[in-house]
Structure formats: C-alpha cells, structure tokens
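Participant: Line by line, the protein sequences give chains A and B.
Per this note's numbering, the very first residue in the first sequence carries number 1; after that it's consecutive.
Per this note's numbering, the very first residue in the second sequence carries number 1; after that it's consecutive.
Where hints are given, some of them may not hold.
[Said to hold, decoys possible] According to the in silico footprint, chain A covers these stretches of chain B (three or more CB under 8 Å from chain A):
#1 42 to 53
#2 70 to 82
[Said to hold, decoys possible] Ranges between beta-carbon positions, derived for each pair:
#3 Gly28/B - Glu39/A: 25 to 35 Å
#4 Gly28/B - Ser26/A: 27 to 37 Å
#5 Gly84/B - Leu40/A: 20 to 30 Å
#6 Ile12/B - Leu40/A: 20 to 30 Å
#7 Val20/A - Asn59/B: 27 to 37 Å
These are computed hints drawn from the structure, not numbers from a lab.
Everything numeric in this text was worked out from a predicted model, so none of it was measured.
Where is the CB? At the ideal position from N, CA and C, for every residue including glycine.
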Amino acid sequence: GENVEQHPSTLSVQEGDSAVIKCTYSDSASNYFPWYKQELGKRPQLIIDIRSNVGEKKDQRIAVTLNKTAKHFSLHITETQPEDSAVYFCAASTGGFKTIFGAGTRLFVKA
Amino acid sequence: KAGVTQTPRYLIKTRGQQVTLSCSPISGHRSVSWYQQTPGQGLQFLFEYFSETQRNKGNFPGRFSGRQFSNSRSEMNVSTLELGDSALYLCASSLPAGVHTDTQYFGPGTRLTVL
Chain A
1 GENVEQHPST
11 LSVQEGDSAV
21 IKCTYSDSAS
31 NYFPWYKQEL
41 GKRPQLIIDI
51 RSNVGEKKDQ
61 RIAVTLNKTA
71 KHFSLHITET
81 QPEDSAVYFC
91 AASTGGFKTI
101 FGAGTRLFVK
111 A
Chain B
1 KAGVTQTPRY
11 LIKTRGQQVT
21 LSCSPISGHR
31 SVSWYQQTPG
41 QGLQFLFEYF
51 SETQRNKGNF
61 PGRFSGRQFS
71 NSRSEMNVST
81 LELGDSALYL
91 CASSLPAGVH
101 TDTQYFGPGT
111 RLTVL
C-alpha cells in the first residue's frame, strides 16, 4: 500500500544552523506534497507545498525539493530560530483525494 | 473566513460505548478528510468525503464510519470503543481543484479518551 517514510524522527540543531528533513513516498501517482508544522497542543499548519511539475520551491527561510525519479522530497529550513521548534510532517497525495502523512520529525532548535 | 471547527474538543468515554464527532469545514470547502493522530502512529487517514460521498477510506475497522451533509459538515462515528481508540481526531477541509488535491486546512481536533 501507499507509504511515506520520514527521517529523522528527531532533529536537534543550534540556532542559526540549517535543518533538513527527508521523505520518501511509494505511490508513483502522488502529485502533491505538502509540509505541515504542528506546535505542541495546536493543529497542523501548512508551511509549504510543492506539486509534481516543480522541482524546487522556496519561501523565505523554507525550501522544498522534489525528485520524482527517486520519489524523494525534502524540507530545508535555514537560519533556524527557537520558534521553529515543532513537529514537522511531510505528506504525499494523489488525485484520489487521499493524503498519506509521514510519521513526523520533532525539531528542537537550541538557543 | 472562519477556520475549520470541531466539536466537542474533549471527550471521555468508556469501552464499549460509541461516540460521534463533528466537523464544520471552511465556508465553500466541499471536501472533508478525517485523521487519527496518536504519538506512536502519527497522522493516520480515516476517510474523505466530497458532496456527501465517501471517496476514499483508510485501513480502519468498520467500527469507524462517517458521513457528510449537504452543507459539507461532516461527522464521524466510532462504535464499540476500545482503549486503543484514544487519540486526537483531526478533520481537514479543502477546496479540490480538479484532479489535484488542494491544500488541507485542519481543525483543532477532538481529544478522545477511552477508559
């Protein structure tokens, strides 16, 4: 069945460093790849997304890359700040209106 | 626009009981998806509704069911509750754009505890 693997499960970085989270999906029909940030006790919030016809997208300190051939996509956060500390989820979706989420990465940014 | 709302926010039930959770999507959104979130399993897809029709279903037992009304509001029901059903149940609404699944906006969730 469809599966999204996300690594690492936990990531600790110093403030100002970069953080990279990687995901691999199994369903080659996936065409939409959103990333969500979930702070403690809050709902997941979309931070960036990318569609299958685009290889890279950037929004200020956040960027996402997609390699369709390898079925990999990654989230890059530069110049990390303490408020970036949260759980990040990647997801892959097909036209069948079903979104599969990765297991999440808990990011700690140490001041 | 008001965001996705879910009621109730917290529920405590005992094993064997049943529960109904409600989700009101963002105005104009016609697709509602439900997810179960647990610390060990992340976000697990339950089902998705569009125009009162269930279009997709995850790998959950038949005790989990849902429906959508003509105003796009959705409910999910869990019958014969088990301890393992304790979780945060999230719904998300979206405005499907053709064959692409558009951005999902999540509600605050309903925290269900089964004793």
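Participant: Quick check on a hinted range of 25 to 35 Å for Gly28/B and Glu39/A, using CB atoms only.
Facilitator: For Glu39/A against Gly28/B, whose Cβ atoms are near 27 Å apart, the range 25 to 35 Å holds.
Participant: Three residues minimum, CB to CB under 8 Å: does the region 70 to 82 of chain B make the cut for coverage by chain A? Let me know.
Facilitator: violated (count 0)
Participant: Mind checking the hinted window 27 to 37 Å against the Cβ distance between Val20/A and Asn59/B?
Facilitator: holds, 30 Å
Participant: Ile12/B and Leu40/A, beta-carbon distance inside 20 to 30 Å?
Facilitator: holds, 21 Å
Participant: Taking a Cβ-Cβ distance under 8 Å as contact, does the region 42 to 53 of chain B have three or more residues in contact with chain A?
Facilitator: Holds: 6 residues of the region 42 to 53 of chain B have a Cβ under 8 Å from chain A.
Participant: Hint says 20 to 30 Å; check whether the CB-CB distance for Gly84/B and Leu40/A agrees.
Facilitator: holds, 23 Å
Participant: Confirm or reject the claim that Gly28/B and Ser26/A have a C-beta distance inside 27 to 37 Å.
Facilitator: Because 33 Å falls inside the window, the suggested range holds.
The structure fails hint 2 only (numbered hints given earlier).
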